[in-house]
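S.K.: Single-letter residue listing:
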Amino acid sequence: GAGVSQTPSNKVTEKGKYVELRCDPISGHTALYWYRQSLGQGPEFLIYFQGTGAADDSGLPNDRFFAVRPEGSVSTLKIQRTERGDSAVYLCASSFGANNEQFFGPGTRLTVL
Amino acid sequence: GENVEQHPSTLSVQEGDSAVIKCTYSDSASNYFPWYKQELGKRPQLIIDIRSNVGEKKDQRIAVTLNKTAKHFSLHITETQPEDSAVYFCAASRRGPFCYGNNRLAFGKGNQVVVIP
Numbered sequence: 041g042a043g044v045s046q047t048p049s050n051k052v053t054e055k056g057k058y059v060e061l062r063c064d065p066i067s068g069h070t071a072l073y074w075y076r077q078s079l080g081q082g083p084e085f086l087i088y089f090q091g092t093g094a095a096d097d098s099g100l101p102n103d104r105f106f107a108v109r110p111e112g113s114v115s116t117l118k119i120q121r122t123e124r125g126d127s128a129v130y131l132c133a134s135s136f137g138a139n140n141e142q143f144f145g146p147g148t149r150l151t152v153l
Numbered sequence: 007g008e009n010v011e012q013h014p015s016t017l018s019v020q021e022g023d024s025a026v027i028k029c030t031y032s033d034s035a036s037n038y039f040p041w042y043k044q045e046l047g048k049r050p051q052l053i054i055d056i057r058s059n060v061g062e063k064k065d066q067r068i069a070v071t072l073n074k075t076a077k078h079f080s081l082h083i084t085e086t087q088p089e090d091s092a093v094y095f096c097a098a099s100r101r102g103p104f105c106y107g108n109n110r111l112a113f114g115k116g117n118q119v120v121v122i123p
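Residue numbers (our numbering), protein chains in the order written: chain B, 41 to 153; chain C, 7 to 123.
Here chain B stands alone, though its shape is the one from the complex (with noise of 0.2 Å):
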């Protein structure tokens, strides 16, 4: 079956856009997580939702990023005024359940010029 898949591959946006990251996970996946990825360093969480809700928002930087689940499978992660500091790899991953193995998606790619 499909893995679990981010779009955009790549985005590049300039300081202070606004920018949304999708992610699709693996279908029945009832848990989500986001986890940022900077060059030379291992992956950094996020967020993690649990169905439909937020269930620990604690990695989030700063109240520019917000992410939504709202029908328990598609998320978004969307990061307002952006700065240069945010180019990274997002990278997405989905559990059925919170017990089992992560599946990562391939990321995606935001550079801030």
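Bear in mind the hints are in silico, worked out from the structure with no lab data behind them.
Bear in mind the structure is a predicted one, so any value in this text is a computation, not a measurement.
Some hints here could point you the wrong way.
Unchecked claim - Simulated pairs of lysine-lysine, DSS-like, Cα-Cα distance not exceeding 25 Å:
1. C:LYS115 / C:LYS63
2. C:LYS74 / C:LYS64
3. C:LYS77 / C:LYS115
4. C:LYS63 / C:LYS74
5. C:LYS48 / B:LYS118
6. C:LYS48 / B:LYS51
Claimed, not checked - Derived contacts from chain C toward chain B, CB cut-off under 8 Å, selection only:
7. ARG49
8. PRO50
9. LEU52
10. ALA76
11. PRO88
12. SER91
13. PHE95
14. ARG101
15. ASN108
16. ARG110
17. PHE113
18. GLY114
19. LYS115
20. VAL120
A virtual CB, placed ideally from N, CA and C, is assigned to each residue, including glycine.
Use these hints to put chain C onto chain B, whose structure you have.
M.R.: Leaving out everything else, chain C in the frame of chain B:
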């Protein structure tokens, strides 16, 4: 929060030799330790994981060992092959007993493994 460190940052091995990557963690409540392999430009993929009630786990050429007292765990790759060249990430989490708990992963910085043919 959990802090995971990996050593060495880069490891070069001759094809056929073994590679060992070590990670340490800080949170004694962490009980789940996966290893991910990430090839250049691709997504991380789980290669092996271990829970805190087990000291060692093996899957063909890959093994992971866990020392809870010292709070470190290691990845062992035997008979390395060129396709083993990648960045390897260790991670740790507090995995609860229930399906709906939070399994947020804390990752190390990664190890670049280069297998020389």
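S.K.: Against this structure, judge whether each hint is valid.
M.R.: Cross-check of the supplied hints:
As the CA atoms of C:LYS115 and C:LYS63 are separated by approximately 23 Å, the hinted pair is consistent with the 25 Å bound. Using a Cα cut-off of 25 Å, the hinted pair C:LYS74 and C:LYS64 holds, with the two alpha carbons roughly 18 Å apart. Taken as a hint, the C:LYS77 and C:LYS115 pair is honoured in the structure, with Cα atoms around 17 Å apart against an allowance of 25 Å. Taking the CA atoms of C:LYS63 and C:LYS74, the gap is about 14 Å. The hint holds against a cut of 25 Å.
The straight-line distance between the Cα atoms of C:LYS48 and B:LYS118 is roughly 23 Å, inside the 25 Å bound, and the hint therefore holds. As the CA atoms of C:LYS48 and B:LYS51 are separated by approximately 16 Å, the hinted pair is consistent with the 25 Å bound. At about 4 Å, the closest approach between the beta carbon of C:ARG49 and any beta carbon in chain B falls short of 8 Å, and the interface hint on this residue holds. Interface restraint check: C:PRO50 against chain B, minimum CB-CB distance 5 Å, threshold 8 Å, status holds.
The interface hint given for C:LEU52 holds, since its Cβ lies 5 Å from the closest Cβ of chain B, which is under the 8 Å cut-off. A distance limit of 8 Å between C-beta atoms decides the matter here; for C:ALA76 the minimum to chain B is near 21 Å, and the interface restraint is violated. Because the smallest distance between the Cβ of C:PRO88 and any Cβ of chain B comes to about 23 Å, over 8 Å, the interface hint for this residue is violated. A cut of 8 Å between beta carbons decides the hint on C:SER91: the least distance to chain B is about 17 Å, and the hint is violated.
At about 5 Å, the closest approach between the beta carbon of C:PHE95 and any beta carbon in chain B falls short of 8 Å, and the interface hint on this residue holds. For C:ARG101, the interface hint holds, the least distance from its beta-carbon to any beta-carbon of chain B being 6 Å, beneath 8 Å. For the restraint placing C:ASN108 at the interface with chain B, the shortest Cβ-Cβ distance is roughly 5 Å, inside the 8 Å limit, so the hint holds. Nearest Cβ of chain B to the Cβ of C:ARG110: about 5 Å, under the 8 Å cut. The hint holds.
The beta carbon of C:PHE113 is positioned within 8 Å of a beta carbon in chain B (closest approach about 3 Å), and the interface hint is therefore held. Evaluation of the C:GLY114 hint against chain B yields a held restraint, the C-beta minimum of about 5 Å falling below 8 Å. Satisfaction of the interface hint for C:LYS115 is found here, the shortest Cβ-Cβ separation to chain B being roughly 5 Å, below the 8 Å cut-off. Given the 8 Å rule on beta carbons, the hint for C:VAL120 is violated: about 15 Å separates it from the nearest Cβ of chain B.
Checked against the numbered hints above, the structure violates hints 10, 11, 12 and 20; every other hint is satisfied.
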